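Just so you know, the protein sequences line up as chains A and B, in that order.
All the letters of the first sequence, read from the start, carry residue numbers 1 to 149 under our numbering.
All the letters of the second sequence, read from the start, carry residue numbers 150 to 714 under our numbering.
Treat the hints as calculated values from the structure; they're not laboratory data.
In this text the structure is predicted, and so the values were computed from the model without any measurement.
Think of the CB as a built atom: it goes at the ideal place given N, C-alpha and C, for glycine as much as any other residue.
One thing to keep in mind: the hints can contain errors.
To be verified - Not close to chain A: a few residues of chain B, all C-beta gaps over 12 Å, as computed:
hint, residue
1, Thr364
2, Asn387
3, Asn467
4, Leu534
To be verified - With a straight-line cut-off of 25 Å between C-alpha atoms, the simulated DSS-like cross-links for lysine-lysine are:
hint, chain 1, residue 1, chain 2, residue 2
5, A, Lys109, B, Lys414
6, B, Lys691, A, Lys87
7, B, Lys439, B, Lys529
8, A, Lys125, B, Lys635
9, B, Lys324, B, Lys334
10, B, Lys439, A, Lys125
11, B, Lys265, B, Lys353
12, A, Lys87, B, Lys635
As the list claims (entries may be wrong) - Per the computed footprint, the stretches of chain A lying under chain B, defined by three or more beta-carbons under 8 Å from a beta-carbon of chain B, are:
hint, segment
13, 19-25
14, 78-92
15, 128-136
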Amino acid sequence: MVRNSYCSSKARQPCIYAILKDSYIYIGETQRYVFSRWGSHLSKNGSFIVNLLKIDEDAAQEDSKVEAISFHLTEIEENCENWEWKKVTQSIEHEVHLKIDQSSVISTKYTTISNTTRTAPLHSKYQWIDSVAENLVGELENHLSPRDG
Amino acid sequence: MTENIDTEEKELPINALRVCEAIAKIGYTPSAALMDLADNSFTASATQIHISLSTVGNYAKKGNVIEYGIMDNGSGMDEVGIENALRLGSDDDYQQDSLSKFGMGLKSAGFSLGAKIVVFSRKDGNATAWELDRDEIERRQAYIIKRALNIDELSEQFNTAFDNETSGTFIQVTKTECNNNESAKKSIEKLTSQLGIVYYEFLKENDRSIEVAATGKPNITISPIDILHKEDATISYNSDQYEGKKPCISYDHELAIGDSEDCPKLRLEISLFPQDGMKSYAAFSEGERKKIASYKVNRKHKGFFIYRNGRLIRWGDNLDGIVSRDRIGFRARLSLNTSHDNYLHVDVSKQHLNISEDILAKVQRACEQSLRWHDEIFSKCTELLRPEEGKSFNERNSDLIEEDPQETSDPTTLEATERVNRTIRETNERIDEEETQAPKEEAEPETLVNEAPSFNKVQYSDRVRSGLLWDSGVDTSDGTFVRINKNHEFYNTILLHLHEDSPERQSIEAIIWCMGAGENITKQRLEDVDFETIDKVIHRVKRTMATNLENWSLENQDLYTDGSE
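Please build the complete structure, drawing on both the sequences and the hints.
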């Protein structure tokens with residue numbers, strides 16, 4: 001797994017990304033240009049804004065800093081058939097959601113506003129999904145920790 | 150004037166009787182009250198607890214209990230200890246892992262059972278006994294306790310039960326007639342079915358025991374029951390290997406709560422059970438069937454079992470609808486301790502808690518996958534217990550004729566006959582090839598429904614060419630059949646959730662079979678276009694359709710798994 005230096009992305013690559021605003025965190029996945037996905041999230045009808053509006057209208061409308069970070073899932077490219085990418089990325093996305101809830105570092109400071117109710121695959125044949133998600137959340141923790149130091 | 154009001158103080162008298170009546174009615178059932186009294190015994194480090202119900206008349210008659218007793222061999226209390234225990238709002242010096250909370254349990258649980266509570270206790274060999282009587286409180290208009298006069302009788306009862314132990318406590322509740330409590334039979338049934346689960350953490354320690362007795366009935370020793378049956382469970386859920394026999398541990402992690410990293414985490418464990426109906430599944434041994442029956446997979450035993458300091462405080466909660474009514478094979482244990490009380494707002498009776506939306510959202514997320522696996526497990530059990538897929542469609546449509554709207558009679562030209570033969574030949578070759586490509590270690594034949602000699606128009610298979618929703622074939626004498634791909638997401642997301650007999654399932658099967666028939670008829674009779682081209686076009690159409698349907702299925706996996714089925 002390689003953390004993107006903010007906006008480097010190929011046209012097609014499996015990515016998990018996080019969008020942060022105030023004390024809210026949104027986790028998503030994409031197989032395409034990650035920054036175009038971010039753009040759509042921040043538009044009026046984007047999932048990030050819509051979800052945030054539901055629970056904190058002020059935070060959604062406030063002109064505060066929005067930060068986005070993406071993780072290019074090289075493990076998927078190396079180990080999976082092309083047609084499996086989306087499903088495996090969705091599995092990792094779900095695991096990341098669970099691990100964020102278990103993380104004292106992230107979970108006590110950020111409220112997750114995304115969910116995987118509709119998209120989490122029931123099964124995955126790849127055992128390494130758990131460790132990829134674990135590493136990703138670890139990276140995220142490292143990235144977020146200094147902000148509060 | 151205002152200044153005077155600010156500084157003036159008055160101590161208002163408390164109507165002790167009214168307070169006692171109020172705390173007696175906070176919602177205890179007799180069995181819950183007895184368990185709350187037993188909490189004090191565990192707090193006093195008791196290893197043996199004896200619960201007794203003295204009855205008159207019919208064992209099953211309401212209001213037949215004249216005396217409730219809880220006896221333990223705990224550390225016991227001296228005079229000051231008993232005085233504190235009987236005070237309204239005992240001193241708040243509980244240990245971190247204590248089962249007590251507000252210092253009201255003994256009085257509220259005791260008064261919910263009867264109007265008179267006697268506390269006999271022996272500490273380091275010295276016995277003392279005091280009583281709290283609501284009639285006396287009413288008569289004297291004051292909250293008073295009196296030294297019990299029957300200390301010798303209490304002492305004798307204690308010695309009989311605990312072989313002259315030097316420490317321990319005996320709580321006796323009488324004057325029960327005012328409460329018209331449930332029958333002894335009902336209380337004993339509840340206690341014997343619940344105590345092992347409620348005090349599982351305590352009872353699993355070897356030297357600890359609880360005994361329950363009623364007048365004229367044999368004593369019952371309570372065994373610890375792990376509500377998750379982890380001892381029998383597989384450590385994870387593997388859909389390919391699931392047999393519908395054992396529970397599976399689908400989640401066991403700690404959730405971070407609170408707004409500081411120091412707040413202890415909540416442990417959440419989830420166990421998924423097979424359907425109760427599997428206890429009569431003929432392929433299992435008698436022992437296996439009995440084991441399944443012992444899991445008691447029913448509505449009463451589903452949901453969240455919430456333990457505080459190792460003691461169950463909520464039985465089968467659905468936690469704001471996380472576990473819907475029909476998820477009866479879903480059980481979770483949420484373990485919390487005293488330090489979580491303020492985050493979860495545990496109430497006086499320690500039976501209710503108010504969990505914040507934030508924590509609920511985390512629990513819900515943690516459960517989502519397990520809830521869907523639960524549904525899959527139940528579907529698999531249903532699959533094992535009910536008719537084969539496609540059976541209803543095939544039975545109803547055995548006489549259904551394939552029709553070509555552009556032909557008035559069967560084709561007779563040489564070209565047409567060759568095309569029919571070629572379709573049949575290619576069908577057979579394809580199936581043979583798929584058989585050959587199947588993993589060698591899988592000795593089992595393809596899981597086709599039509600193992601029976603009769604012909605089936607709709608069949609289900611896990612070896613259909615990758616990517617396609619169905620593969621169509623032609624049988625020499627019976628014509629078109631389709632094999633629906635059990636590895637396609639549409640099967641997992643939609644078909645699997647529709648009962649084999651349902652009109653919806655049969656309608657989808659009809660569409661697929663008709664597509665197959667259309668495909669075969671086109672290949673055989675569209676003589677203007679060469680066979681290879683038709684085959685190529687059809688395959689391309691099917692592949693594209695299957696890919697898009699797969700994507701749609703992956704995006705809509707919750708359609709049939711939101712628990713509202």
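Go through the numbered hints given earlier and state which of them the structure violates, listing their numbers in rising order. Numbers 2, 10, 11, 13, 15 - these are the hints that the structure violates, sorted from lowest upward.
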